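Q: Under numbering that gives the first Met the number 0, read the sequence shown as residues 0 to 819, first letter to last.
Source of the hints: derived by calculation from the structure; they are not laboratory data.
All figures in this text were calculated on a predicted structure; none of them were measured in a lab.
Incorrect hints may appear among the rest.
To be verified - Here are the simulated distance ranges between beta carbons:
| # | residue 1 | residue 2 | range |
| --- | --- | --- | --- |
| 1 | 476 | 535 | 33 to 39 angstroms |
| 2 | 47 | 540 | 56 to 62 angstroms |
| 3 | 651 | 443 | 23 to 29 angstroms |
| 4 | 214 | 405 | 47 to 53 angstroms |
| 5 | 784 | 141 | 35 to 41 angstroms |
| 6 | 66 | 582 | 20 to 26 angstroms |
| 7 | 588 | 85 | 47 to 53 angstroms |
| 8 | 476 | 202 | 32 to 38 angstroms |
From the three backbone atoms N, C-alpha and C, an ideal C-beta is built for every residue, glycine too.
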Amino acid sequence: MFYKRLFLSLLALSTGVLWQSNVFAEDPGQPVINSASIVNFQKRIQWNPYPAAVQYKISHSDNLLGPFTEDSSGTVAGDDWTAPLIGSIGFYRLQVVPMSANDLLLCTILNRLAYGSTPDEIERVKVMGAQAYIEEQLAPELIQENLDIDTVVTNGGWQYVTATGTGSSSTLYIYLNSAGEGHIDDIKLVAGIVPEAGSNLLRNGDFELPLKTNDWTISSNHIDSAVSTETRHSGNSSLHLMANVGGTTRASAIWQDIKPTLAASQQYTLSYWYLPGTNKLTSLTIRLSGSGITSSPGSLLARLDNGSAPIDDLRAWHILHAVRSQKQLLEILDQFLENHFVTQYSKSREYFDTYYNDGNQIGQLATQMEFKENRKWRQALLNPKCTFKDLLLISAESPAMIIYLDTVNSRGDGQNIANENYARELLELFTFGVDNGYDQNDITVMSRAWTGWSANIVDAPNEFNPLALRTKNVIPGAPPGSTAVSNLVGVWTFNYKQDRHKTSAKTIFPGKTVPARFGPPYADKSYELVLPARTGTNGIQDGYGVIAHLANQPFTQEFISVKLCRLFVHDDFYIGYDFTDPNLSPEGQLVKLCMQAWESSSPKGQIRAVLTTIFNSELFRGHGGSLQKVKTPLEFVVSAIRVLRTRKSDGTYTADTDGSSLSGQRQALDRMGGMNLFDRAEPDGYTESAGGWISAGTLAERLRFVQALLTAPAQRNAITDAGNSVADPFALIKLKLPAADWSNAGAVVDYFLSILYPGEGKANLDLYRTSAVNFLNTLDDGVTPSAFGGLSMTGNPSPYETRVRGMVAMLLTLQRFQEQ
Numbered sequence: 000m001f002y003k004r005l006f007l008s009l010l011a012l013s014t015g016v017l018w019q020s021n022v023f024a025e026d027p028g029q030p031v032i033n034s035a036s037i038v039n040f041q042k043r044i045q046w047n048p049y050p051a052a053v054q055y056k057i058s059h060s061d062n063l064l065g066p067f068t069e070d071s072s073g074t075v076a077g078d079d080w081t082a083p084l085i086g087s088i089g090f091y092r093l094q095v096v097p098m099s100a101n102d103l104l105l106c107t108i109l110n111r112l113a114y115g116s117t118p119d120e121i122e123r124v125k126v127m128g129a130q131a132y133i134e135e136q137l138a139p140e141l142i143q144e145n146l147d148i149d150t151v152v153t154n155g156g157w158q159y160v161t162a163t164g165t166g167s168s169s170t171l172y173i174y175l176n177s178a179g180e181g182h183i184d185d186i187k188l189v190a191g192i193v194p195e196a197g198s199n200l201l202r203n204g205d206f207e208l209p210l211k212t213n214d215w216t217i218s219s220n221h222i223d224s225a226v227s228t229e230t231r232h233s234g235n236s237s238l239h240l241m242a243n244v245g246g247t248t249r250a251s252a253i254w255q256d257i258k259p260t261l262a263a264s265q266q267y268t269l270s271y272w273y274l275p276g277t278n279k280l281t282s283l284t285i286r287l288s289g290s291g292i293t294s295s296p297g298s299l300l301a302r303l304d305n306g307s308a309p310i311d312d313l314r315a316w317h318i319l320h321a322v323r324s325q326k327q328l329l330e331i332l333d334q335f336l337e338n339h340f341v342t343q344y345s346k347s348r349e350y351f352d353t354y355y356n357d358g359n360q361i362g363q364l365a366t367q368m369e370f371k372e373n374r375k376w377r378q379a380l381l382n383p384k385c386t387f388k389d390l391l392l393i394s395a396e397s398p399a400m401i402i403y404l405d406t407v408n409s410r411g412d413g414q415n416i417a418n419e420n421y422a423r424e425l426l427e428l429f430t431f432g433v434d435n436g437y438d439q440n441d442i443t444v445m446s447r448a449w450t451g452w453s454a455n456i457v458d459a460p461n462e463f464n465p466l467a468l469r470t471k472n473v474i475p476g477a478p479p480g481s482t483a484v485s486n487l488v489g490v491w492t493f494n495y496k497q498d499r500h501k502t503s504a505k506t507i508f509p510g511k512t513v514p515a516r517f518g519p520p521y522a523d524k525s526y527e528l529v530l531p532a533r534t535g536t537n538g539i540q541d542g543y544g545v546i547a548h549l550a551n552q553p554f555t556q557e558f559i560s561v562k563l564c565r566l567f568v569h570d571d572f573y574i575g576y577d578f579t580d581p582n583l584s585p586e587g588q589l590v591k592l593c594m595q596a597w598e599s600s601s602p603k604g605q606i607r608a609v610l611t612t613i614f615n616s617e618l619f620r621g622h623g624g625s626l627q628k629v630k631t632p633l634e635f636v637v638s639a640i641r642v643l644r645t646r647k648s649d650g651t652y653t654a655d656t657d658g659s660s661l662s663g664q665r666q667a668l669d670r671m672g673g674m675n676l677f678d679r680a681e682p683d684g685y686t687e688s689a690g691g692w693i694s695a696g697t698l699a700e701r702l703r704f705v706q707a708l709l710t711a712p713a714q715r716n717a718i719t720d721a722g723n724s725v726a727d728p729f730a731l732i733k734l735k736l737p738a739a740d741w742s743n744a745g746a747v748v749d750y751f752l753s754i755l756y757p758g759e760g761k762a763n764l765d766l767y768r769t770s771a772v773n774f775l776n777t778l779d780d781g782v783t784p785s786a787f788g789g790l791s792m793t794g795n796p797s798p799y800e801t802r803v804r805g806m807v808a809m810l811l812t813l814q815r816f817q818e819q
């Protein structure tokens with residue numbers, strides 16, 4: 000414990016109040032008194048809040064030279080001290096007791112190496128210590144976990160499936176996505192978000208009666224489907240689904256018009272049992288027209304892996320990892336790479352639209368490209384010696400990137416002029432940084448190295464062979480020897496087309512040397528790259544040569560180090576430091592240390608070496624790395640769910656989400672500033688800085704999300720601002736507080752303050768605490784007193800639960816929770 004001191008003298012004169020100050024303070028700067036006054040025979044001192052302050056004290060002396068003793072006559076409320084005016088003169092000193100360095104670091108690592116804390120994680124990390132947590136997260140390959148979203152079910156047993164969404168239409172479709180068969184039983188659709196809770200809105204959903212046109216209508220591709228006693232989940236029979244070709248909509252499905260009609264804005268939950276047949280486990284789709292509810296059996300990973308997943312499945316998989324995974328740093332880095340090496344789902348859809356007419360298939364192919372790129376980054380990061388070159392190569396070979404930046408059709412043969420988009424963004428956004436060591440001529444010449452890098456559909460065993468020929472395998476029923484891409488069976492992947500390559504020699508960065516500002520060992524070294532003339536399949540080496548050359552240049556080291564420092568410390572790092580300056584700023588010094596770690600690792604550019612340098616730095620471990628950044632929309636929604644998420648005895652959690660209903664057009668992340676995962680149009684990625692996310696409108700959307708998240712399921716009705724995300728703070732209270740404290744407003748508030756704001760000192764939370772306690776002891780009108788201790792805990796929701804939910808929602812909307 001130490002004190003930051005500021006001396007203040009107050010001299011009461013007939014002419015007014017005279018005060019002056021002298022400051023003695025260290026990082027993060029001196030506490031600053033805003034005003035000292037005497038009004039209505041009351042002394043008042045106000046100051047700027049000191050970061051992570053545990054306690055403020057005002058001491059008094061009649062003599063400036065002391066001794067000073069704590070003034071017990073006054074009251075501290077937040078950053079304000081008042082006391083009765085006693086005597087005519089006095090000298091006052093403000094003392095601040097800050098949070099311990101260890102407690103501060105614990106908060107920082109849970110906010111930066113993770114998507115915020117969970118109540119259980121706070122407890123665990125306090126026991127293991129900050130350094131042990133850092134080391135754990137830096138080695139995700141050693142963390143054992145088995146998430147259901149990553150489990151691929153391979154047995155043939157009955158699978159139970161649920162899905163919640165809005166009543167987008169009163170027509171329900173059941174169809175197999177491809178030719179095959181399977182069984183479905185006990186399909187139910189109920190109002191609300193709890194499976195099977197309420198009347199089944201579907202007719203003959205147990206399939207105990209033969210199919211009739213007044214319940215289920217069968218389209219021609221499913222004409223052989225029928226109720227069967229061959230197997231069933233319950234009762235005497237199930238629906239045996241049979242399809243000769245895949246379905247997509249009403250004209251190719253088994254469908255039912257639901258009566259009475261569904262409310263478009265209301266939440267409904269679908270549930271059913273599915274027994275896969277000889278077709279793929281995930282070939283079934285059940286959905287409402289308009290896709291307010293869309294469901295397929297099997298894990299998210301299974302659907303993503305075999306290419307039958309829509310983009311919402313990938314978004315769900317990504318978000319659910321962020322919420323649930325113990326490998327939190329891996330999730331942070333995965334999102335960093337997705338945002339750094341931008342690709343766009345919609346651009347891939349446009350590309351496949353030239354070959355296919357099936358909208359579902361087009362979306363699934365585009366999704367699979369994004370997924371495969373993402374999975375490769377995850378696998379690479381599990382390697383302790385993963386380098387930036389490894390990650391850059393994954394991006395360069397990604398067909399999603401090849402399509403996104405138009406390399407897919409770039410040609411250098413004959414009189415063709417190479418497309419420059421990828422070469423420009425490779426230098427400007429992926430390696431060197433804007434205007435950092437290259438010019439337009441370098442972009443033009445480099446673009447020729449990428450000609451021939453394209454995409455094609457090949458036989459599955461050739462997925463990782465860029466020289467493979469297009470597959471000749473056709474789908475069943477297609478004319479023999481058909482060459483139409485839509486009739487081919489294979490996998491889309493990176494493919495090199497040698498006849499499109501610019502075969503001549505290429506000189507990039509001619510005569511250029513590293514600027515003196517980089518200092519040793521970089522300064523004045525040539526970084527010219529000469530690519531010899533290459534013909535045939537050898538031309539592919541031009542691209543690989545460029546990757547190898549760019550990956551470890553000092554410009555790249557600087558740019559990537561700066562971006563990682565912005566991610567993990569604060570936003571105020573930039574490109575262009577003079578690393579030879581003896582007065583180099585702490586930020587510049589940290590970037591220089593990151594570059595040294597990059598350069599000295601073997602092989603060069605190991606990501607963990609750079610991260611270790613950042614995590615060991617004073618900037619990261621002190622106030623410079625604590626609560627200095629505003630959360631992006633993704634960070635905000637995930638942290639809001641995690642902070643209320645504790646495992647219950649039955650294996651469920653006090654907060655959860657489906658993930659898919661948070662991202663996409665008009666969903667929560669989009670409304671909070673236009674953050675659409677896997678579908679950003681611009682190649683520069685979403686900003687880390689506050690300016691891109693904070694405005695009156697986006698803050699209002701954050702408030703709407705929190706209010707919806709904390710609304711009891713029984714009261715939701717048309718409230719969809721949190722998607723299918725739920726939280727139960729009363730269940731959390733019952734797990735974490737002794738029963739004697741459940742009706743103690745102060746104890747309840749103190750617990751939630753401790754998990755919502757672990758990095759803020761108690762003194763700075765004083766006003767938050769007062770507001771929260773008052774909330775619990777006041778009716779919904781905000782005025783009429785209503786003792787929290789007397790509230791009933793029965794009902795759905797109970798008056799007690801409603802009051803707690805509102806208080807937690809209020810705390811989640813306050814400024815400090817927007818920061819990390």
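Q: Now look at each hint and say whether the structure bears it out.
A: Right, here's what the structure says about each hint:
1. 476 with 535: 33 to 39 angstroms: Distance hint for residue 476, residue 535 holds at roughly 38 angstroms.
2. 47 with 540: 56 to 62 angstroms: holds (60 angstroms)
3. 651 with 443: 23 to 29 angstroms: Violated, at about 58 angstroms.
4. 214 with 405: 47 to 53 angstroms: holds (50 angstroms)
5. 784 with 141: 35 to 41 angstroms: At roughly 54 angstroms between Cβ atoms, residue 141 and residue 784 fall outside 35 to 41 angstroms, so the hint is violated.
6. 66 with 582: 20 to 26 angstroms: Since residue 66 and residue 582 have Cβ atoms about 40 angstroms apart, the given range 20 to 26 angstroms is violated.
7. 588 with 85: 47 to 53 angstroms: holds (50 angstroms)
8. 476 with 202: 32 to 38 angstroms: Between residue 476 and residue 202, where Cβ atoms are some 34 angstroms apart, the hint holds.
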